[in-house]
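Number of protein chains: 6
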Amino acid sequence: MKILLGNPNTSPEVTARITAAARAVASPGTEIKSATGHFGALIISTRVDMAIAEHASLDMMTSEAADCDAAIIGASIDSGLRAVRQALPIPVLGLTEAALHVACLTAGRFGLVVMGPGSATITREMVAAYGLADRLAGIRWITAAPANLLADQQSLIAPIAATARRLIDEDLAETVILIGAVMAGMPALVQPHVPVPVIEGVSCAVALAESLVRLNLPRPTQGSYAKPA
Amino acid sequence: MKILLGNPNTSPEVTARITAAARAVASPGTEIKSATGHFGALIISTRVDMAIAEHASLDMMTSEAADCDAAIIGASIDSGLRAVRQALPIPVLGLTEAALHVACLTAGRFGLVVMGPGSATITREMVAAYGLADRLAGIRWITAAPANLLADQQSLIAPIAATARRLIDEDLAETVILIGAVMAGMPALVQPHVPVPVIEGVSCAVALAESLVRLNLPRPTQGSYAKPA
Amino acid sequence: MKILLGNPNTSPEVTARITAAARAVASPGTEIKSATGHFGALIISTRVDMAIAEHASLDMMTSEAADCDAAIIGASIDSGLRAVRQALPIPVLGLTEAALHVACLTAGRFGLVVMGPGSATITREMVAAYGLADRLAGIRWITAAPANLLADQQSLIAPIAATARRLIDEDLAETVILIGAVMAGMPALVQPHVPVPVIEGVSCAVALAESLVRLNLPRPTQGSYAKPA
Amino acid sequence: MKILLGNPNTSPEVTARITAAARAVASPGTEIKSATGHFGALIISTRVDMAIAEHASLDMMTSEAADCDAAIIGASIDSGLRAVRQALPIPVLGLTEAALHVACLTAGRFGLVVMGPGSATITREMVAAYGLADRLAGIRWITAAPANLLADQQSLIAPIAATARRLIDEDLAETVILIGAVMAGMPALVQPHVPVPVIEGVSCAVALAESLVRLNLPRPTQGSYAKPA
Amino acid sequence: MKILLGNPNTSPEVTARITAAARAVASPGTEIKSATGHFGALIISTRVDMAIAEHASLDMMTSEAADCDAAIIGASIDSGLRAVRQALPIPVLGLTEAALHVACLTAGRFGLVVMGPGSATITREMVAAYGLADRLAGIRWITAAPANLLADQQSLIAPIAATARRLIDEDLAETVILIGAVMAGMPALVQPHVPVPVIEGVSCAVALAESLVRLNLPRPTQGSYAKPA
Amino acid sequence: MKILLGNPNTSPEVTARITAAARAVASPGTEIKSATGHFGALIISTRVDMAIAEHASLDMMTSEAADCDAAIIGASIDSGLRAVRQALPIPVLGLTEAALHVACLTAGRFGLVVMGPGSATITREMVAAYGLADRLAGIRWITAAPANLLADQQSLIAPIAATARRLIDEDLAETVILIGAVMAGMPALVQPHVPVPVIEGVSCAVALAESLVRLNLPRPTQGSYAKPA
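Chains as they are written, first to last, in the numbering used here: chain A, 192 to 420; chain Z, 192 to 420; chain X, 192 to 420; chain P, 192 to 420; chain V, 192 to 420; chain W, 192 to 420.
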């Protein structure tokens with residue numbers, strides 16, 4: 192099985208980080224093919240970045256997916272998810288979407304750790320767009336930026352764990368999701384300090400992509416996800 | 192006052208149609224500056240088109256808005272609305288968003304006439320994303336395509352009016368919104384056959400844009416709509 | 192264009208305050224005709240006041256609107272809004288309704304500054320009744336009463352701005368609405384201290400009323416807003 | 192125990208009808224004191240009527256309740272309910288509110304039979320305002336007016352039963368509520384033809400009023416229902 | 192009238208506590224017949240306990256209800272409520288369901304005092320399952336366990352009252368519900384310290400059961416509550 | 192990997208059917224261990240059955256899971272899901288829950304085909320309890336019973352496909368879920384006649400169980416899913 196993991200960010204460091212995380216969770220025999228966005232922001236964060244990334248993600252994913260069995264959009268914004276899902280004949284997942292559904296299958300309400308208040312606002316909109324607002328216990332943020340996580344994971348363990356604990360103790364979250372492609376690999380570091388499961392999107396997306404490939408569902412020929420004319 | 196009306200579709204016919212409708216409703220002294228998308232679909236309709244149009248709309252709107260007091264994204268998909276709103280220092284409106292809010296200010300629940308079931312699905316997602324699902328009485332469709340409306344408005348009066356009546360009689364809609372940039376100008380033709388107000392996006396967006404210019408609200412310096420760094 | 196601005200409160204001071212604010216935002220050529228409630232509370236605040244004001248507002252608005260092109264109910268409770276909208280053949284707006292929709296057209300979720308916890312409870316019910324609960328970031332209150340605002344705006348700038356900042360920083364509000372007819376004129380004083388747009392109902396209602404007059408929508412002949420027999 | 196049953200409609204026939212129904216369900220020892228509205232519509236039906244009835248109901252209820260242990264607002268519009276609840280130191284119920292809660296305590300989702308589409312729209316708003324939209328299976332209407340029910344109950348049994356059956360068979364309603372003060376007494380006639388419980392507001396309100404009197408809850412001294420100053 | 196009050200917990204102390212509370216509120220002539228669960232947890236608290244109690248409650252209630260006019264499931268989890276409601280030809284109520292509806296009939300939004308965060312999570316799910324999430328102002332907890340309440344009510348008055356006040360002052364609750372069978376009798380002790388009505392489930396369920404008996408609704412013969420074949 | 196597939200129904204035929212379906216989709220190396228309920232209904236269908244099955248499922252699953260890596264509750268009612276999830280240290284899935292989440296990951300809104308109106312009511316409650324009501328396009332039923340599906344799949348292909356088509360054409364469903372353990376194996380028969388993906392719970396649950404095992408999430412030590420004391 193070959194899974195395309197496309198990073199719509201234009202930063203190769205993020206591609207490397209998520210590719211390593213994907214390979215760590217993939218089944219033996221699953222190949223991870225990585226790709227990086229051709230244009231747009233180094234790290235998608237603003238609404239302006241997001242609009243460009245819709246296009247960039249679609250462009251990258253459709254040009255790289257030819258020989259793949261599933262595809263993962265490797266940004267927490269899930270850039271272009273609906274379009275890529277329509278465009279490709281294979282299962283397509285977004286990082287945040289995947290993590291939200293794994294959290295639902297694991298316990299009750301989930302809490303989200305994001306990087307900054309802007310991300311909190313945008314992630315809340317995403318949760319609602321996926322129809323999962325009733326499962327949201329709370330969103331809280333650390334003040335670090337993605338670049339900080341790329342540079343030094345260790346120093347962020349404590350603030351992330353503390354934020355997770357507030358989600359659990361005050362908001363009654365029963366799983367904690369670390370939102371951000373650069374959170375790949377962090378759950379293992381944070382988990383020892385947190386009393387409920389801590390997850391992030393890359394590993395969830397790889398695991399779910401393998402499931403969906405196994406289910407071998409046909410491409411729709413009617414509806415908004417049917418192949419464009 | 193100068194309002195940019197940018198059509199993120201790449202079809203000059205649609206630009207002409209919406210520009211005429213905008214000028215018909217604009218106050219004396221309001222200038223409508225029109226623009227057409229530089230790349231993407233002739234008529235945005237699929238999810239793939241929508242992803243490209245997010246970028247195309249942002250690109251067109253930011254390159255054309257320099258001397259304008261407000262901006263309207265001239266497609267019913269409201270392509271790139273949140274990004275353009277963040278990018279520009281002036282009020283920005285989408286056609287469908289504008290019509291939905293005018294309907295709210297006019298009566299109770301609104302009914303939507305769209306072109307085909309695919310548009311029904313996507314428009315429902317838009318209504319929910321705007322937080323207005325509780326105001327939605329129903330969505331019904333005619334089988335015509337935008338090209339039909341461009342070619343011949345007269346023959347579509349009857350099916351649109353019949354669809355509107357079902358929204359009113361069965362779904363208890365109290366305003367009817369015709370969804371689609373090409374619906375510009377249709378309300379006047381359909382209204383004589385429909386017992387509640389019939390509206391469409393271009394005229395609503397122009398009227399609301401003039402209001403927002405008058406309110407002269409400052410650009411935010413915090414939050415997800417603050418100017419990107 | 193002539194807009195009726197009727198204050199269903201029986202306090203002429205409030206009428207004077209909102210009339211001045213309305214005239215400040217109205218277009219050249221728009222005349223503001225003011226009126227004051229004939230019976231009921233000086234300042235509508237309790238549920239008992241609200242029930243009486245439904246009637247008082249309907250009575251005043253229908254008796255004064257004969258030569259007007261639009262009508263605004265000048266209390267933040269939007270007293271009698273639905274009834275007046277049914278009774279009159281012209282656009283009718285409420286202060287809070289108008290501000291909520293302007294906020295929706297400006298950014299994401301809005302935060303509300305109200306005067307006291309009782310107002311918070313009632314305003315929350317109004318937001319839900321308008322179908323806009325999904326757009327509500329939070330409601331917070333200052334401890335001042337309307338009389339304080341009438342007597343001394345300056346001393347309330349700081350507490351209002353501080354409350355607005357908590358809505359922005361903690362609740363992630365992206366616009367702030369000052370709820371209360373007596374808030375007319377306050378945004379200009381508070382705005383310099385707040386990083387997102389600050390709005391209130393009178394100016395929003397006047398601006399929207401002008402828009403709706405321009406749209407010239409017909410009166411419904413069917414549904415719950417059709418002219419009573 | 193003495194219960195005030197005040198009809199905010201100004202029609203003595205409706206007062207007589209609901210008073211008889213109330214006495215039929217009241218416990219031995221419970222006295223029903225009836226009253227009729229002093230001003231407003233004979234039968235409240237439009238939004239204009241509703242605004243006047245807010246005041247009329249408050250006026251009538253507060254002037255008649257002095258020696259009563261509970262109060263029921265005898266119109267399906269529940270006119271003035273929140274205001275009367277604040278104004279009086281005793282339990283206060285509305286007909287529709289009471290029926291909705293009895294239905295919730297009896298089975299799953301409820302279906303509503305109303306008189307005409309206008310009533311459907313307004314009743315839907317009421318259900319939402321009570322926070323019970325999730326329990327609503329559907330609303331369907333007969334074409335009769337309240338005067339028809341006052342004049343001839345027998346001829347309406349069949350259309351009401353047929354409408355109830357559609358609510359059950361198509362909308363999966365598990366209780367059926369007949370909305371309208373004039374529906375008092377109808378459930379006994381309709382029930383033989385309907386396979387789930389059929390209820391109406393007067394009997395539900397009397398039964399719940401007796402319960403609430405027994406609970407003897409104190410009047411709040413804080414919040415939006417505290418006694419007005 | 193005879194009401195079965197069955198405690199699906201297996202603790203006779205809880206049965207005694209709730210039986211006394213039920214008798215204190217029952218009308219003269221109403222007999223309370225008590226029963227205790229035959230198997231399962233002493234005090235139902237975890238999800239594991241809840242699953243067993245679904246069965247234990249059904250088993251106990253159906254074996255004891257033969258000569259009763261109504262039935263109350265005497266645990267705040269409302270164990271087996273839907274099944275017992277289907278199984279028996281008489282009205283069936285749960286403690287929490289009853290208290291939530293009484294609160295709705297009394298004021299606006301309710302606040303819940305529970306024992307511990309686990310109960311908060313589960314009670315929130317119950318409120319949503321009853322379709323009443325829109326009426327929920329907040330849930331806050333004391334750190335006591337049911338055994339503490341059985342052993343010593345006096346020492347818990349202060350923490351419960353303090354928690355209630357936070358629900359009122361911060362969350363704007365307008366009634367306060369004490370969740371837990373062992374809260375029977377507590378409202379009278381707490382009420383003097385709290386400015387809005389304080390209620391608990393046993394008294395509410397008894398009062399509502401008497402109402403429902405009086406309404407004498409038929410058993411459904413269709414739908415999910417019809418008698419099992 | 193070993194997955195427990197426990198059928199809380201007491202019918203060995205259903206166990207055989209779902210076990211075959213599970214083995215057909217399981218990865219090489221995944222062993223399916225099947226079990227059948229020890230007490231309760233042959234086919235869980237009523238609310239009474241459901242209450243007993245909560246206990247029966249917990250009992251069976253906890254007694255059989257000792258050497259397993261994941262567990263699936265093999266009834267569409269997802270009997271005891273939350274309790275089993277708390278009781279066991281391994282991932283636990285329900286058939287309907289699994290299918291709903293796979294549908295979410297595949298397209299937009301899902302449509303459900305159930306067996307009879309009673310199942311429609313109960314399944315709607317389940318969808319809401321999982322927080323997925325916003326993703327529900329519609330529920331429609333065939334008139335067959337589970338026994339019919341066990342006896343003769345072929346004759347039900349046409350009615351299921353016709354029902355699916357109505358969900359797609361009228362309700363705009365973009366995936367179709369066949370609800371019921373006995374639907375195992377049916378998608379392959381129905382899919383050729385339906386233009387969007389058709390899924391059922393057993394295959395989805397097996398595929399997701401494998402994913403969750405791979406993610407290797409820790410058991411919570413806090414919250415409502417922590418191991419009972």
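For the record, the hints were derived by calculation from the structure and aren't laboratory data.
Everything numeric in this text was worked out from a predicted model, so none of it was measured.
One should not assume that every hint holds.
Identical chains share a label here; the pair holds if one copy fits it or two copies do between them.
Restricting the straight-line Cα-Cα distance to at most 20 Å, the calculated cross-link-like pairs of lysine to any residue (SDA-like) are [stated by the list, open to error]:
hint: 1; residue 1: Lys193; residue 2: Ala335
hint: 2; residue 1: Lys418; residue 2: Ile281
hint: 3; residue 1: Lys224; residue 2: Ala319
hint: 4; residue 1: Lys193; residue 2: Gly307
hint: 5; residue 1: Lys418; residue 2: Leu380
hint: 6; residue 1: Lys224; residue 2: Glu361
hint: 7; residue 1: Lys418; residue 2: Ser225
hint: 8; residue 1: Lys418; residue 2: Thr221
hint: 9; residue 1: Lys193; residue 2: Arg331
hint: 10; residue 1: Lys193; residue 2: Gln345
hint: 11; residue 1: Lys193; residue 2: Gln344
hint: 12; residue 1: Lys418; residue 2: Ala232
hint: 13; residue 1: Lys193; residue 2: Arg405
hint: 14; residue 1: Lys193; residue 2: Ala352
hint: 15; residue 1: Lys193; residue 2: Ala349
hint: 16; residue 1: Lys224; residue 2: Ile348
Outcome of the hint check:
no.	hint	verdict
1	Lys193 with Ala335	neither (34 Å within a copy, 41 Å between copies)
2	Lys418 with Ile281	within (11 Å within a copy, 37 Å between copies)
3	Lys224 with Ala319	neither (31 Å within a copy, 35 Å between copies)
4	Lys193 with Gly307	neither (34 Å within a copy, 36 Å between copies)
5	Lys418 with Leu380	neither (42 Å within a copy, 23 Å between copies)
6	Lys224 with Glu361	neither (40 Å within a copy, 40 Å between copies)
7	Lys418 with Ser225	neither (24 Å within a copy, 32 Å between copies)
8	Lys418 with Thr221	neither (26 Å within a copy, 34 Å between copies)
9	Lys193 with Arg331	neither (35 Å within a copy, 37 Å between copies)
10	Lys193 with Gln345	neither (32 Å within a copy, 36 Å between copies)
11	Lys193 with Gln344	neither (29 Å within a copy, 35 Å between copies)
12	Lys418 with Ala232	between (29 Å within a copy, 15 Å between copies)
13	Lys193 with Arg405	both (12 Å within a copy, 17 Å between copies)
14	Lys193 with Ala352	neither (34 Å within a copy, 33 Å between copies)
15	Lys193 with Ala349	neither (36 Å within a copy, 36 Å between copies)
16	Lys224 with Ile348	neither (29 Å within a copy, 40 Å between copies)
Of the numbered hints given earlier, the model fails hints 1, 3, 4, 5, 6, 7, 8, 9, 10, 11, 14, 15, 16; all others are met.
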